[in-house]
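Colleague: On the provided structure of chain A, position chain B as indicated by the hints.
2 protein chains.
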Amino acid sequence: MAPIRIAVIGVGKIARDEHLPSIARDSRFELAALVSGSGAQAPGVPTFRDAAELYAALPDLDAVAICTPPSARPALVREAIDAGVDVLMEKPPTPTVGELRDLAAHAGAAGRVLFTTWHSQYNAAVEALRDRLAGRTLKRLAITWKEDVRRWHPNQDWIWETAGFGVFDPGINALSILTRVLPEPAFVRSARLLTPSNRAMPIAAEIAFTSRALADGGEMTAVFDWRQTGDQTWEIAADLADGTALRLTGGGTTLAVDGVTVEDAPRHEYDRIYARFAGLVASRDSHIDTAPFELVADAFLVGRREDVEPFED
Amino acid sequence: MAPIRIAVIGVGKIARDEHLPSIARDSRFELAALVSGSGAQAPGVPTFRDAAELYAALPDLDAVAICTPPSARPALVREAIDAGVDVLMEKPPTPTVGELRDLAAHAGAAGRVLFTTWHSQYNAAVEALRDRLAGRTLKRLAITWKEDVRRWHPNQDWIWETAGFGVFDPGINALSILTRVLPEPAFVRSARLLTPSNRAMPIAAEIAFTSRALADGGEMTAVFDWRQTGDQTWEIAADLADGTALRLTGGGTTLAVDGVTVEDAPRHEYDRIYARFAGLVASRDSHIDTAPFELVADAFLVGRREDVEPFED
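If you read the protein sequences in the order shown, they are chains A and B. One point on numbering: in my numbering, the residue at position 59 of the first sequence is 59, and numbering is uninterrupted. To convert, take the position in the second sequence, counting from 1, and add 1000; that gives my numbering.
Next comes chain A alone, as it looks inside the complex:
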């Protein structure tokens, strides 16, 4: 089969660190072009200033990966669908849940493949945890997602604005694992949104959930914090009603059961994302998972904002 000719739209950190290397490693894809307002380059392919130039110049393009910040994506996805190409979207997909539903409907009507990626779901240890939670009852589940915003998002002002989601940008990774592994859905009961007095979006959050997966008196919580320096923590601790202690660490790469590591695979999320996308393009199926995003919207809906000290990059 001929490779899928794909262009990357928006060439920032995530495109350079993950998308371009994964595309280069996967023989089912052929990088056809970049679209970059700042003129980013890749060897052997053209760079276009905007997507309209891309579609005009490459009529045989098959797909695009949209790696811009979320605020630009609704228009770019619609333009891609209307240009007749399939679309892979970085997370979080859109500024609002409503726009994601609208794009899903448009892709469906146009017969294009739309794939909302949530990269943290694509680790073997996440699937192993899912298997071990199937049909089980939980006494406790605690998400701890603490990282240094200056290290991961240096001078990315957009991330503090509307549609940047603040600490929910990494937090949604944890929620995308939660929605993948739980045997019953979780709902937000309450949330504290700790927001720097000079920013629109929170730098830290504490969420309490309800779920039928919990035993009576059980607790499900998440703590997101961008003020962590030194060691970074991306962990989900799940204690089953029968006493089994499950620990997913390293952002979803390692699973331990009662202190014994049972799965510890190197991080290869984006390779698996592109493998999945190749399959979806071949079968002409979309995969549009709104659940992690809906949890974020519900956390803002029920959350209480609390002012914390100003944040300067």
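Hints in this document: simulated from the structure, not taken from any laboratory. Nothing false has been slipped in among the hints.
Which stretches of chain A does chain B cover? Using the computed rule of at least three CB atoms under 8 angstroms from a CB of chain B, they are:
id : stretch
1  : 97-105
2  : 182-188
3  : 297-310
So the derived label-pair ranges between C-beta atoms look like this:
id : chain 1 : residue 1 : chain 2 : residue 2 : range
4  : B       : Gly1135   : A       : Arg284    : 30 to 38 angstroms
5  : B       : Trp1152   : A       : Asp307    : 29 to 37 angstroms
6  : A       : Glu312    : B       : Val1262   : 51 to 59 angstroms
We put the beta carbon where it would ideally sit given N, CA and C, even for glycine.
Modeller: For chain B alone, coordinates are given in the frame of chain A:
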């Protein structure tokens, strides 16, 4: 046909003002019982302390109308579905959008009718506005929803808490009209959420929307304010690209076109809601409209909170 034997769960202001009178006026329904923690009474029917007593005592009950505050509803709706009755829900339906989707799935799996009511949609002038917007492009749409919280929600502390939604409790009425009448969906672009420093939920809000229903350079906005004394304002002004001025006033009861009233029906929302529910019960169809609630969640997701002066009832 035998009347639908219905019980009202939660007998507060909205049940006494609207649900009980509409049920009494409609021969397709027969009031069978009340469920009231505070012991509210209606002539000729029993009052139960909780829903479990209701279902145990009246095995031939057909339906319930759930008129409690939203926080109690997810458990009550699930209990009703599991007891084998059909369910009408007051607005806003649940504390979170996730819980509404979950109830929709549960009702579907159980074969029960679930009806999410948005009462402001049920006025003749709303349908007249919808007809006049079909296929049209808008230059401007402005929602103005200003009322006195002390008059409509006296000492209802729950309305200022999580799942009370603050000024979005009336605001969602306007949004339920918006989602009903627009020819293309609207998305929240930005929002200011003016929140009393001693309350969790906003007392006023300003929202800007995008929509493909707007002409280039067109504007769609909403202003909700609970601090209005004297005259109350519930208006939607829509200016078409061709210059036609449409004005929906009185919360959806009156429509004027270029200054001439074309529809002015007395308010009879709840009679129409119960007529619709009778039809759904007969045809075994659910009607679950999540669109107004999703706009509210998106407004909180992208909104900026701003502190305003404390509010005391």
